[in-house]
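As you go down the protein sequences, you meet chains A and B in turn. First residue of the first sequence: 1, per the UniProt record's numbering; consecutive thereafter. First residue of the second sequence: 1, per the UniProt record's numbering; consecutive thereafter.
Keep in mind that the hints were calculated from the coordinates and are not lab data. Each hint should be verified, as a subset may be incorrect.
[Said to hold, decoys possible] Here are the simulated lysine-lysine pairs, BS3-like style, with alpha carbons at most 27 Å apart: (1) A:Lys291 x A:Lys301; (2) A:Lys431 x A:Lys265; (3) A:Lys380 x B:Lys20; (4) A:Lys92 x A:Lys216; (5) A:Lys179 x B:Lys52; (6) A:Lys127 x A:Lys216.
Remember, it's a predicted structure, so these values are computed and weren't measured experimentally.
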Amino acid sequence: MFRAAVPRARSLLPARPVPTSTFCAPNIYFQGRLRRGYASDSEEKDLVIIGGGVAGYVAAIKAGQAGLKVACIEKRGSLGGTCLNVGCIPSKSLLNNSHLYHQILHDTKQRGIEVEGVSVNLKQMMKAKETSVSGLTKGIEFLFKKNNVEYIKGTGAFQDEHTVAVNLIDGGETTVRAKNIFISTGSEATPFPGLTIDEKKVITSTGAIALQEVPKKMVVIGGGIIGLEMGSVWSRLGAEVTVVEFLGQIGGPGMDAEIAKMTQKMLTKQGMKFKLNTKVTAGDDSGEGVKVNVEAAKGGKEEVLDADVVLVAIGRRPYTAGLGLDNIGLETDERGRIVIDQEYRTKIPHIRAIGDVTFGPMLAHKAEEEAVAAVEYLTKGYGHVNYGAIPSVMYTHPEVAWVGQNEQELKAAGVKYKVGTFPFSANSRAKTNLDTEGIVKFISDANTDRILGIHIVGPNAGEMIAEGTLALEYGASSEGKADHSSNRLEKREADRAADVARTSHAHPTLSEAFKEAAMATYDKAIHY
Amino acid sequence: MNATRVLLQQRQPMIRFLGKRTTPSHIDHTPHAHPASPSGSLPESFAAYRQKAQQHGPLNQRSSFSSSGHIGGRPGASLGPVEPQSGVYFDRSELPARFQRLAWTQAEIEAVESGGASLFA
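Using the sequences and the hints given, assemble the complete structure.
Here's what the structure looks like:
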């Protein structure tokens with residue numbers, strides 16, 4: 001009788017401490033958090049996704065298409081995560097527009113176009129960038145509506161294994177219960193010890209796409225893809241850019257050493273300076289500018305670099321702060337990645353992790369593949385991502401792109417391989433474009449001629465690598481039959497590189513260079 | 001045309017198209033290391049959790065995905081009884097929280113003790 005008079009649930013709702021132990025809840029405090037009975041206050045979702053970045057939003061749309069009841073929690077206020085908001089997309093806008101400016105300044109005269117009074121309107125350039133970003137992020141919101149995805153704007157944290165508490169952006173709190181939960185909280189820039197990131201003087205990639213003025217001097221710590229792309233932008237706009245890299249080559253460990261060397265030469269020609277095998281020992285940002293102390297990686301004379309702006313681009317780390325992983329007893333590995341199995345499941349099987357927050361390269365397209373596969377594991381019980389065929393692209397000019405293994409990796413693994421290259425200087429389309437720097441490099445197995453890796457530096461490399469990825473993907477599907485053809489006398493040309501080389505490529509196109517490089521792995525290129 | 005045919009007889013492309021995507025008939029759903037995992041192994045906690053957890057039936061039993069192909073493809077009853085094996089007992093405090101006893105609130109205790117008078121105090 002008094003149960004009606006004293007609504008117990010209401011009197012108990014203010015949360016008591018949530019137990020940290022998970023599956024069974026011997027903790028007496030836990031009991032008080034539940035209403036009597038089986039129903040929870042809101043309907044249970046089939047899937048809740050924490051993080052609306054590329055992994056999260058793709059999973060949400062895919063799950064919506066499969067008819068699941070799905071909600072996506074995002075705290076940024078706009079969907080798309082780092083990639084769309086402060087990463088790939090805005091940087092490509094700046095890269096494209098700064099390249100146009102650079103080309104008008106230095107290149108159009110020889111093409112017969114004389115342009116007077118060229119200047120940079122940085123404010124407008126940033127506005128153009130924002131237009132691209134907002135158009136794309138709003139596009140995802142539309143896709144959410146179209147596919148019946150509930151979009152919850154707020155910060156999600158695990159309350160228990162099936163419940164996520166959300167601190168809403170507009171104020172207030174809510175909880176969502178779900179049968180399945182995906183963690184796709186992404187990554188953040190790794191800070192450099194000794195330098196405080198203020199996104200004005202000491203910046204990460206986020207600050208590098210939003211500088212108010214072109215710095216006179218810029219030091220980039222880390223010669224990986226992000227450092228080189230952002231360094232390129234500001235170098236083209238007039239900054240004196242010095243890249244400090246600990247390793248002996250630019251582009252990070254995935255880039256082929258030969259390609260990295262060529263790229264470095266081209267970028268040096270464009271005005272960027274490089275200090276390889278160099279480590280940053282200390283930084284001082286107390287003055288008006290920033291001082292960065294560097295010395296040779298193996299020890300040597302110390303040097304102080306002055307800069308108006310220092311870009312810290314030494315890598316990214318998984319972002320799980322405030323996610324309440326402790327509440328459900330989920331652990332991360334030594335680099336902060338959430339540990340998963342082959343079906344993206346954490347140790348708690350209905351909680352999965354995809355994208356930057358877990359293993360594998362931190363690339364948007366890898367996150368996208370994982371999102372689709374993880375939802376397929378949920379709905380069909382089977383998904384697939386080929387981690388051996390994920391392309392990487394650096395959008396400098398010329399672009400650098402690769403897929404598969406590089407020469408140094410194959411050497412280390414003791415694999416016998418053949419190399420075929422073709423320079424863009426021998427390609428007709430590149431010649432007509434007056435844009436002939438770079439090469440296409442094919443690496444194939446010496447015995448079977450199966451393609452092992454493709455590395456391109458040159459115009460349009462990023463688009464061209466798609467063909468290479470496709471070849472690698474289909475090659476991977478026929479493993480074990482790879483040397484099928486070697487039984488046939490003198491039919492060794494019936495191989496994967498030959499599959500590419502025998503395919504007609506339109507003339508005149510840059511992709512002919514791709515075909516000819518494939519031809520060069522087992523025979524000679526025609527035009528070189 | 002004949003020239004092409006002659007060429008095709010000699011050459012066998014090694015590209016194998018994947019064809020229409022189908023779900024393999026047998027999929028091993030037991031946890032293995034993720035292909036991109038640097039350590040190539042799963043921590044102990046994965047097995048430990050599965051040993052302990054019971055979720056719509058024991059977790060370490062083979063999933064029904066391979067036979068049904070989709071969620072809800074088989075009735076829950078086909079998973080078998082959720083009762084413990086003989087000799088094994090569940091304590092109420094080990095069951096999911098919704099099956100556990102609820103705590104009394106102070107207001108309820110007082111209401112019982114005062115014969116309901118505290119509700120009108």
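Going through the hints against the structure:
no.	hint	in the structure
1	A:Lys291 x A:Lys301	holds (16 Å)
2	A:Lys431 x A:Lys265	holds (20 Å)
3	A:Lys380 x B:Lys20	holds (15 Å)
4	A:Lys92 x A:Lys216	holds (22 Å)
5	A:Lys179 x B:Lys52	holds (19 Å)
6	A:Lys127 x A:Lys216	holds (22 Å)
The structure agrees with every numbered hint stated previously.
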